[in-house]
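Asker: Chains X and V supply the protein sequences, listed in that same order. If you read the first sequence in the numbering used here, its first letter stands for residue 45, the second for the next number, and so on. If you read the second sequence in the numbering used here, its first letter stands for residue 307, the second for the next number, and so on.
Don't read these hints as lab results, they were simulated from the structure. Beta carbons are placed, not taken as given, at the ideal position from N, Cα and C, and that holds for glycine. Be careful, since some hints might not be right.
In the EDC-like style, the derived pairs of lysine to aspartate or glutamate whose C-alpha atoms are separated by at most 20 Å in a straight line are [to be verified]:
{"id": "1", "chain 1": "X", "residue 1": "K91", "chain 2": "X", "residue 2": "E213"}
{"id": "2", "chain 1": "X", "residue 1": "K115", "chain 2": "V", "residue 2": "D312"}
{"id": "3", "chain 1": "V", "residue 1": "K506", "chain 2": "V", "residue 2": "E518"}
{"id": "4", "chain 1": "V", "residue 1": "K506", "chain 2": "X", "residue 2": "E148"}
{"id": "5", "chain 1": "X", "residue 1": "K176", "chain 2": "V", "residue 2": "D629"}
{"id": "6", "chain 1": "X", "residue 1": "K269", "chain 2": "X", "residue 2": "E49"}
{"id": "7", "chain 1": "X", "residue 1": "K166", "chain 2": "V", "residue 2": "D312"}
{"id": "8", "chain 1": "V", "residue 1": "K529", "chain 2": "X", "residue 2": "E148"}
{"id": "9", "chain 1": "X", "residue 1": "K176", "chain 2": "X", "residue 2": "D235"}
{"id": "10", "chain 1": "X", "residue 1": "K186", "chain 2": "V", "residue 2": "E518"}
{"id": "11", "chain 1": "X", "residue 1": "K91", "chain 2": "X", "residue 2": "D65"}
{"id": "12", "chain 1": "V", "residue 1": "K506", "chain 2": "X", "residue 2": "D160"}
{"id": "13", "chain 1": "X", "residue 1": "K186", "chain 2": "V", "residue 2": "D629"}
{"id": "14", "chain 1": "V", "residue 1": "K529", "chain 2": "X", "residue 2": "D118"}
The following residues of chain V were derived to be distant from chain X, with all beta-carbon distances above 10 Å [unchecked claim]:
{"id": "15", "residue": "V335"}
{"id": "16", "residue": "W504"}
{"id": "17", "residue": "A513"}
{"id": "18", "residue": "N517"}
These stretches of chain X come out as covered by chain V in the derived footprint (C-beta under 8 Å, 3 or more residues) [unchecked claim]:
{"id": "19", "segment": "110-123"}
{"id": "20", "segment": "134-146"}
{"id": "21", "segment": "253-265"}
This is what each chain is made of:
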Amino acid sequence: MSVLELANISKHFGAIQAVNDVSFSLEAGEVVGLMGDNGAGKSTLVKMIAGNFHPSHGTMRLEGKDLVMHKPADARQHGIEIVHQDLALCNNLTAAANVYLGRELRRGFGPLRILDYGAMYKRAGQLFAELKSETRPRDLVKQMSGGQRQAVAIARTMLSQAKIVLMDEPTAAISVRQVAEVLNLIRHLRDQGIAVVLISHRMPDVFDVADRVIVMRRGRKVADKKIASSSPEEVTGLITGAIEQVA
Amino acid sequence: MAVTLDQTIAQKQHTFLSRLFANQTFWVVIAVILACLFLSVATDSFATSKNIFNITRNITFVAIVALGMTFVIITGGIDLSVGSVLCLSSMVLAVTMHAGYSIEVGILASIATALAIGAFNGLLIAYLGFPPFVVTLGMLSVARSLAMVASNNTVVFQFGPDHQKLLSLGGGAWVFGIANPVLYMILLAAITGFILRWTKFGRHIFAIGGNEHAATLTGVPVKQIKVVVYMISALSAGLAGIIQTGWLGAVTTNLGNGMELQVIAATVIGGANLAGGVGTALGAVVGAALIEVIRNSLGLLGINAFWQGTFIGGAIILAVLFDRIRNFRRSD
Numbered sequence: 045m046s047v048l049e050l051a052n053i054s055k056h057f058g059a060i061q062a063v064n065d066v067s068f069s070l071e072a073g074e075v076v077g078l079m080g081d082n083g084a085g086k087s088t089l090v091k092m093i094a095g096n097f098h099p100s101h102g103t104m105r106l107e108g109k110d111l112v113m114h115k116p117a118d119a120r121q122h123g124i125e126i127v128h129q130d131l132a133l134c135n136n137l138t139a140a141a142n143v144y145l146g147r148e149l150r151r152g153f154g155p156l157r158i159l160d161y162g163a164m165y166k167r168a169g170q171l172f173a174e175l176k177s178e179t180r181p182r183d184l185v186k187q188m189s190g191g192q193r194q195a196v197a198i199a200r201t202m203l204s205q206a207k208i209v210l211m212d213e214p215t216a217a218i219s220v221r222q223v224a225e226v227l228n229l230i231r232h233l234r235d236q237g238i239a240v241v242l243i244s245h246r247m248p249d250v251f252d253v254a255d256r257v258i259v260m261r262r263g264r265k266v267a268d269k270k271i272a273s274s275s276p277e278e279v280t281g282l283i284t285g286a287i288e289q290v291a
Numbered sequence: 307m308a309v310t311l312d313q314t315i316a317q318k319q320h321t322f323l324s325r326l327f328a329n330q331t332f333w334v335v336i337a338v339i340l341a342c343l344f345l346s347v348a349t350d351s352f353a354t355s356k357n358i359f360n361i362t363r364n365i366t367f368v369a370i371v372a373l374g375m376t377f378v379i380i381t382g383g384i385d386l387s388v389g390s391v392l393c394l395s396s397m398v399l400a401v402t403m404h405a406g407y408s409i410e411v412g413i414l415a416s417i418a419t420a421l422a423i424g425a426f427n428g429l430l431i432a433y434l435g436f437p438p439f440v441v442t443l444g445m446l447s448v449a450r451s452l453a454m455v456a457s458n459n460t461v462v463f464q465f466g467p468d469h470q471k472l473l474s475l476g477g478g479a480w481v482f483g484i485a486n487p488v489l490y491m492i493l494l495a496a497i498t499g500f501i502l503r504w505t506k507f508g509r510h511i512f513a514i515g516g517n518e519h520a521a522t523l524t525g526v527p528v529k530q531i532k533v534v535v536y537m538i539s540a541l542s543a544g545l546a547g548i549i550q551t552g553w554l555g556a557v558t559t560n561l562g563n564g565m566e567l568q569v570i571a572a573t574v575i576g577g578a579n580l581a582g583g584v585g586t587a588l589g590a591v592v593g594a595a596l597i598e599v600i601r602n603s604l605g606l607l608g609i610n611a612f613w614q615g616t617f618i619g620g621a622i623i624l625a626v627l628f629d630r631i632r633n634f635r636r637s638d
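Please construct the entire structure, taking both the sequences and the accompanying hints into account.
Answerer: Below is the structure:
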């Protein structure tokens with residue numbers, strides 16, 4: 045059974061058809077590259093899966109059950125986590141504080157429930173170790189490298205039992221070495237049986253880490269095929285429209 | 307491999323001392339202590355119990371409001387209305403008690419007024435997206451005008467049946483000869499420090515100041531928290547107003563005039579950053595203390611009072627200068 049199934053999803057804003065009749069499914073432990081030019085509808089599609097937008101038409105099913113979300117918090121409750129393009133980190137807080145932002149651990153009772161610093165440092169440290177990232181939970185995010193910042197944002201998705209992780213341009217604007225780090229982080233998520241959607245403009249990254257590539261153009265899905273049976277040239281053609289559509 | 311990944315992750319980058327030396331509040335504490343030592347030696351009148359009593363009590367009003375302001379400044383906001391809110395709260399208390407109501411009713415009315423103003427500020431800022439500067443600048447004018455309306459711009463110095471209770475509340479010294487306002491300040495500073503460091507609410511305030519967009523995306527109730535923050539600021543102004551009324555024994559409509567600038571100066575000297583994300587309870591108190599010590603010492607050293615503004619302004623710029631130097635070094 046697929047983790048997530050989208051059937052005939054459309055979204056329009058007034059007269060503008062941002063996403064048009066898109067269907068696909070996601071399997072557990074699979075990395076899917078979502079590609080397309082600016083304005084192709086990638087972001088709108090992802091924002092529907094993330095609970096920011098409500099689809100105009102079509103249905104989403106999570107592990108076979110109908111999925112209706114009204115706000116981003118609903119998505120998180122269903123095990124759908126997002127790594128935002130800007131990572132959504134607070135520079136003035138520690139790595140652990142960022143990992144736990146919005147769902148801090150506390151101890152004690154009633155009005156005397158205080159933040160459980162020890163437990164948060166410990167768990168955050170375990171997550172960084174799992175991700176094989178040299179990131180110290182007590183360090184301020186302000187002082188961190190791009191790769192470490194990615195690790196903090198990704199560790200956030202591992203706090204609860206996530207089923208799907210959506211990553212929006214995680215490799216844009218970071219150094220070559222850090223890109224390799226991030227791709228490794230993605231593989232770690234995959235190995236834990238999480239379905240990863242990687243939205244990216246960078247062809248090499250998608251062909252490096254993804255199992256499947258979905259190409260969008262002008263709101264429509266124009267390709268959905270195994271990486272092994274495709275090529276960067278073909279995907280480029282699909283993105284630009286030089287190739288109309290493939291099965 | 308000499309160092310494993312787990313060791314790296316477990317490593318603490320900063321020792322206690324390195325963190326202390328990088329802390330602006332620490333250096334301001336040192337400055338206050340040095341100034342006090344110098345004044346004790348240089349003048350006969352500084353280290354007298356009467357002068358110490360006066361200084362500590364004078365610190366409190368600015369410090370209490372600065373504690374509330376710290377919450378606002380950490381979120382990256384500003385509250386210019388505190389001086390006027392202090393005046394209005396005092397006036398509501400005075401007028402209510404003057405009309406023959408008990409001190410409890412007076413305090414309740416006063417606090418309710420402050421909270422209502424804070425909520426109004428907060429709602430406009432959080433839900434309608436007004437710039438904090440503009441909303442609270444407007445409220446600065448409105449609240450003071452309301453105080454004039456409430457009192458018909460007269461001085462109120464008779465507080466009805468509970469007159470004595472009010473005076474002893476603000477002017478007494480119930481424990482070890484420490485002025486009551488100082489006790490309130492210590493209590494409020496402890497509460498503020500606790501909230502900032504140990505509660506989820508405190509953590510979220512820092513998150514909003516650090517990156518409001520990120521806080522929203524991660525599910526922090528940003529709007530509600532912003533409203534509460536402005537209510538806390540107004541509440542602290544209201545409490546300071548109540549205490550100051552008891553101490554002064556009279557309320558005029560220019561009470562707290564220009565106080566907002568002293569309060570903001572105190573928080574900034576104490577290490578809060580107007581850009582948001584940084585600030586402590588101790589810093590607010592210590593900043594207020596430095597301002598008061600400067601003011602007091604100029605008087606004792608026989609320096610013309612006209613110089614006060616120069617010295618206090620210099621302290622503000624100097625305090626922030628240390629912060630800038632640290633940042634320059636880091637970015638090199």
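Asker: Please verify whether K115 (chain X) and D312 (chain V) have alpha carbons no more than 20 Å apart.
Answerer: Answer violated: K115 (chain X) to D312 (chain V) is near 37 Å, above 20 Å.
Asker: Regarding the pair K176 (chain X) and D629 (chain V), is the alpha-carbon distance no greater than 20 Å?
Answerer: With a Cα-Cα distance of about 35 Å, the restraint between K176 (chain X) and D629 (chain V) is violated, given a limit of 20 Å.
Asker: Does the alpha-carbon distance linking K269 (chain X) and E49 (chain X) stay inside the 20 Å limit?
Answerer: With a Cα-Cα distance of about 16 Å, the restraint between K269 (chain X) and E49 (chain X) holds, given a limit of 20 Å.
Asker: What's the verdict on K506 (chain V) and D160 (chain X), does the C-alpha distance respect the 20 Å limit or exceed it?
Answerer: 10 Å, holds
Asker: Does N517 (chain V) sit more than 10 Å from chain X, CB to CB?
Answerer: Since the minimum Cβ distance to chain X is about 5 Å, N517 (chain V) lies within 10 Å and the statement is violated.
Asker: Just to be careful, I want the Cα atoms of K176 (chain X) and D235 (chain X) compared with a cutoff of 20 Å; is the pair within it?
Answerer: Roughly 13 Å separates the two Cα atoms, so the pair holds.
Asker: Take a quick look at whether K91 (chain X) and E213 (chain X) sit within 20 Å of each other, Cα to Cα.
Answerer: At roughly 14 Å apart (the allowed maximum being 20 Å), E213 (chain X) and K91 (chain X) satisfy the hint.
Asker: Do the alpha carbons of K186 (chain X) and D629 (chain V) lie within 20 Å of each other, as the hint requires?
Answerer: 16 Å, holds
Asker: For the pair we were handed, K529 (chain V) and D118 (chain X), check the Cα-Cα distance against 20 Å.
Answerer: Cα-Cα ~19 Å, so holds.
Asker: K91 (chain X) and D65 (chain X): Cα distance at most 20 Å?
Answerer: 16 Å, holds
Asker: If you look at each residue in the segment 134-146 of chain X, do at least three have a Cβ nearer than 8 Å to any Cβ of chain V?
Answerer: holds (count 7)
Asker: Using Cβ atoms and 10 Å as the threshold, tell me whether W504 (chain V) really stays out of contact range of chain X.
Answerer: Non-interface label fails for W504 (chain V): nearest chain X Cβ at 4 Å, not farther than 10 Å.
Hints 2, 5, 16, 17, 18, 21 from the list above are not met by this structure, while the remaining hints are.
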